[in-house]
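Asker: Chains as they are written, first to last, in my numbering: chain A, 1 to 102; chain B, 1 to 321; chain C, 1 to 227; chain D, 1 to 527.
Bear in mind the hints are in silico, worked out from the structure with no lab data behind them. Ideal Cβ placement from N, Cα and C applies to all residues, glycine included. No false leads were slipped in.
Label pairs and their calculated CB-CB ranges:
#, chain 1, residue 1, chain 2, residue 2, range
1, C, H130, A, L97, 31 to 37 Å
2, A, L54, B, L65, 38 to 44 Å
3, A, G69, D, I269, 25 to 31 Å
4, B, A32, C, L165, 49 to 55 Å
5, B, S35, C, H54, 41 to 47 Å
6, B, I44, D, E508, 23 to 29 Å
7, B, R121, D, P435, 23 to 29 Å
Each chain is listed here by its residues.
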Amino acid sequence: MDSDRQHDASHDPSLTPYALVLGALLALTALTVLAATVHFGHPWSDLIALLIALSKAGLVITFFMHVRGSSPMVKLSLASGAVGVLVFFLLILSDYLTRFLG
Amino acid sequence: MKLFDFPFFPETASTTAGSVDALFFFALAVSALFSLLIAAFIFIFFVKYRRQHAGDVGHAIHGSLVLEIVWSVIPLAISLVLFGWGAKVFLEVSTPPKDAREYYVTGKQWMWKIQHPEGNREINELHVPIGVAIKMIMTSEDVIHSFYIPAFRIKQDVLPGRYTSVWFEATKLGTFHLFCAEYCGVEHSQMIGKVVVMAPEDYQIWLAGGVAKSPVAAGEELFSQYACNTCHLDSREGRGPWLGGIAGTPVALVGGGKAVRDDNYLRESIMLPNNKIVDGYQPLMPTFQGQISEEGVLQLISYIKSLDGAGAAERARTDSR
Amino acid sequence: MSEAASAHHRTDLAHHFESYEQQKQSSLLGMWVFLAQEIMFFAGLFVCYVVYRHMHPAAFAFGSQHLDWRLGALNTGVLILSSFTMVVAVVGAQTGRRKMIVCGLILTLLFGAVFLGVKVVEYGAKWQHHLVPGPHFEWHGDPAAGRAVQMFFAMYFVMTGMHALHMVVGMGIMLVMIPLAWGGRWTRENHNFVEGFGLYWHFVDLVWIFLFPFLYLLGLAGSGVHG
Amino acid sequence: MAADHRSQGIAILYLLSVTVFFSIGGLYATLIRLELLTPKGDLFQPDTYNRLFTMHGVMMIFFFLIPAVPAVIGNFILPLMLGAKDVAFPKLNLASWYLYMIGATFTLYSLVHGGVDTGWTFYTPLSTTHSNTYTTATALGIFVNGFSGIFTGVNFIVTIHRMRAPGLTWFRLPLFVWASYATSLIQVLATPVLAITLVLLFLERTFGIGFFNPAVGGDPILFQHLFWFYSHPAVYIMILPSLGVISEIIAAFTRKPIFGYKFVAFSSIAIAVFGFLVWGHHMFVSGESPYAAMVFSALTMLVAVPSAVKVFNWMATLYRGSIEYSTPMFYALGFIGLFVIGGLTGLMLGTLGIDIHVHDTYFVVAHFHYIMVGGALMAYLWALHFWWPKITGRLYSGFWSHLSALLVFVGFNLTFFPQFILGYLGMPRRYHAYPPEFQVLHVLSTAGASVLALGYIVPLIYFLWSLKYGAYAGRNPWGAVGLEWETTSPPPVHNFEVMPTVDHEAYEHRVPPVAEQEPYRVVKYGL
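Next comes chain A alone, as it looks inside the complex (with noise of 0.2 Å):
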C-alpha cells in the first residue's frame, strides 16, 4: 500500500486530458447526428451509427472508466460483458434472421 500512495503522488492527475476526451465525445455526438442526416441505406446508416457510438463508448471506457491501466481483472470483466452481448445477439438472430428462409 505504500508504493501504492507514490505511485499516487508521483503523478497527481491533471484534468487536461479528460477534457480533450469530453470535447472529443461532443464532437461524436454531433458527427453521429449529422451522419443521420444523410441517406446511406440500409444497413450502412446503422452501421455508422454503431461505430460512432462504439468510438464513444471506446473513449469513455478507456480514460473516464480508466480501464486503461487497470487490473487485467477489470478488462477480463468487461470483455465477459462484452462477449456475453455478443453471443446474446447472434445466437438470437440465427433465428429472426433465418425464419423466413422457409
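Assemble the complex: chain A is given as a structure, and chains B, C and D must be docked to it using the hints.
Answerer: Same frame as chain A, now just chains B, C and D:
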C-alpha cells in the same frame, strides 16, 4: 386397471415415426453402453480399492493427457453423430411433401378446431385417410398450444399471430391420441382429442356425411364481404396488387428488401398490412386485426392461393398488346 | 468522524482485509463485475429492440420521427458533461482535494437533474399526444406506420425509463455522498467508493450513448420508408 | 461488530430458510404425486393442480436449488477454503440474504392468496393476458431474489480473486472453488436478463404495454428466447456447485488428488461458457427457425464434452485410491450414476429428431429431475453430510445416514425412471388428468416419491439429534485435506486462529493422514 397390461412403447403409425425411433434406439444404446461402463468401473474400483487400514492414503495419480483426450474426443464424436442424424430426421419430419393435403387447425382454450380441404369441420377429432401426406397449417386464437400426436412422433407449437405447420402420413388404421403439449391454462389436460386413421374409401364416405363448404369457397365470399375485391382487382389497376399466383413467390418491397409471400406473409398482410408494402404501392390498406376470425383468415388465404396467376381479363390484355 | 489521518487508518480498513491495496482492488473489481451484470441487463433490452426493429423497420422509422432529436442531442451533451464533472470529483478524491470532490459531485448532480428535467418534458409531450403505449395509445401520424408503431414507443419508454431509473438511483446516492465528502469521508488513501460510483455514473452515460442514435435519429434521413 | 454478518452466520440463515422453502416445494410435490395416482384428476380441481406444479417449480428452482449450494455451503466453506477471514463484501452478503427473504415474501404473499398458474416458465401470452392469478407478485419476488443471486455471485468472484491465502495459487484451489467461480460467472451474466424479462412481463401485464403481444407486432417467442437465455444457464447455476462438491467428497474419501485436476477445473468454466450458447434447445418445436434449431442443437452437443470429462476423471480418481465407505462417499457415487443418466438423456433431448417427440412430455420432466434432484439436490444433501461436522462441530449417526442414502437413491429412481417411459409413450407434462393406460407407471412414480420423502425426513431427524447428542467432530473427522479442515469446528470469528499460508497442491495427502482422531469409527458404529 390390469397390473401388467400397460404399454412400454408407443404405437408407430406414421412414415416418419420409424426414423425417430431408430434414432432414439441408437441414442439409447449409446447411453446404456456408457452408463454400464461407468457403473462397472465404479463398482470394481469401489470394491477393489476399499480402505484396508485406517491410516491408508491413496496413490497420488495426477492425470493422463492421453486419457483426457480419449474421453473428450469420443463423446464429442458420438454427440456430433447424434446431432447430424438428429438434424436429418428433423428436416425429414419438418419438411412436408409438395403435394400434401392442407388441413387448417385453430387452437383455442381448450379445443382443437380442424377444417378439411373439402370444408368439413370437426372439433377435437381428426379424421384422415391412410397413406396420404397431410400438412396441418396451424394458428391459435389465444395462447400458445402445441399439436402433438405421439403415435406419429410429431409435435409443433401453435402460436397466436402466425402460422406454423407440421405434416405426417399415417401408416396404420386406428385411433390415436391427440394432445396439447404446451401448457395453455386451466383445462390444458382436457385439450385432447383423437386422430382416426381411415381407409381412403371410408374417409370419402365420412367426408360425404358432413355438410361442407370448401375453405376456398368460404374465402371467396369473405373476399367480397370484406370488400377486398374493391382494391385487389385482377385488372392490376387497383390500389392494391392483384393476388393471383403470388403464393410462395418473392416480391420486392418498398424501402428495399424482399419477402417470400408464404402463408405467414399473407397473414401479416391482412392483419398488419403496412408492415411490408409491395414496391410501387401505397400503404393504404386498413388493418383487419380483430375484425376477422382466425378461421376466416385461413379461408381467405386458401382462396388467395387458389387464384390463378393470370386472370381472364389479364390474359386478354396480354394478348391484345 | 475524525479528520485525523491516523484514525482513518484504523477505521476504514475493514477487518477482513490485510491492506488498503487489497481493499481497493476488491472494491474496484466488485464494481466492474457489477457493471458486467448491468451490461447484460441492458443487453436484454437492446436485443428486443434489434429484433423488433428487424421485424418492423418502417414502424420504427415513423415512430422515431415523433421524438425530438434536438432534445435528445441536448441531453446527450448534458450527460457527457456530467460524466466529465464526475471525473473531476474522482480526480479530486485521488489527489485528496475535498472541495474538488464536492464541486464535482454537485455539478454532476445538477447536470443529472437537467437531463431528467428534459426527459420529463419529453415524456409529458408523449402523454399528451397519446403516444404512451397501452390502452390509451392513439396514432395520428402517417397511417403507413401500422399498428407496430406502438412497439417503437414501448421500446422507447422502457429503454429510456430503465436508463432514467439508473440516473435517479445515482442521484440519490450523490445526495448522500455530497455531505460525506464535505465532512472529509474520503481521503487520498481510501476513496474507493467515489471511484466505484464514478464507474457507475459513466456506465449510465454509456447506455445513453447507444440509446440516442438508435431511438432519436432513425427517421432523420427521411427514413427511406417510401423508397 | 465484525462477527455480525460474517459469512458463516449468513450461511446458517440461508440453511434455515432454504430448508423451509424446500419443505413447501416438497409439500407441493407430494400433492402433485397424489393427484396423479388416478387418471381422472379427482383429487383437485384443474386450476388448483396448475397452481401446485407452478408453485412447486418456483419454490424449488428460485428459492431452493439456486441458493442452496452457493449460499449455504459456499458462504460457509468458500472463505475457509481460501484461507480468508470473510467474503470480500460482508454487508453485501447480508443484503443478499435480505433480498432473498424479501423476494420470498412476495412469493409467499401470492402463495397464500392462491398462487400462480402460469407454470414456472411464465410463457406469454398465457401469463400476461390469460391468467387471473398472482403472477405479478410472484414475478416481483423472483426479480428481487435474482439480485440476491447476483450479489452472491459478485461477492464470490471478488473473494476468489482477491482474498486467497498467500501461496494459494489458482491451480492449488479446491475444485469446489473453481465450480463456485463458474457458477458466479453465470449468476452475474445471466440473471440480469431474467430481471429485464420480468420487468417487461410486469409492464405488459400491468399496463397493457404489449411487448410480446402479436396484435401490436410483438413476438411471444422472443419472450422464450429471453427467458431461456437466463433459465438454461440457471440449470448450470444449480448443478455446477454440486459437481464441485462431488469432487471434494471423492478426493477426501479416496485420500488422493482428483485425477486430471486441471481438466476438471476447466470443465467447470467450459460448462458455464457453453451454458450461454445452448438456450434455444428448449425451443426446437416452438416455432423458432429450423436453422436456429440446428445451430442450438450442434452447440448443445458441446456440453457433453466437459460433463463427460468430469465423470471420467472422477471414475479414474477411484483407481488405486483408499476408499472409505462413508455416507457422503456412497452418496457421491450414487450421484455420479444419476448424473450420467440425467446427462445422457439431456443429450437425447438436444438431438433434434428425438426432441420433436419427447419435448414437453414426462421424458423432459424425468430428465431435469435427474439433474435437479438426482444431481443438485442430492449434492446439496451430501455436501451437508460432508461439512456438517465442520459447520456444527458434531457427528451424526452412521447407520441412519446410510439408511437415508439408500432410501433416497432407491426412492428417487423409482419416482423418476418410470417417467422416462411415460414420456416416450407420449404423456404430456403439466397434465392434471391423463389417459388410463398411463396409470401403472404413475402409481410406481408416486410409490417412489413416498420412499423419497422418507429419505428426506430421516436426515432432518438425525441432523437435529446430532446437534445435542452427536460426538464432537474435532478439526478433521474425515482425514481430508483442505484449509477448511485445518481450523476448529465450527471455526472461530476470523475463521482461523493463525491466518494460513499454502505450500502444497490441492488434495495432497500426507502419510499418515492428518486426522486428529479416528472419528469415522464413531460415524460407522454410532447409534
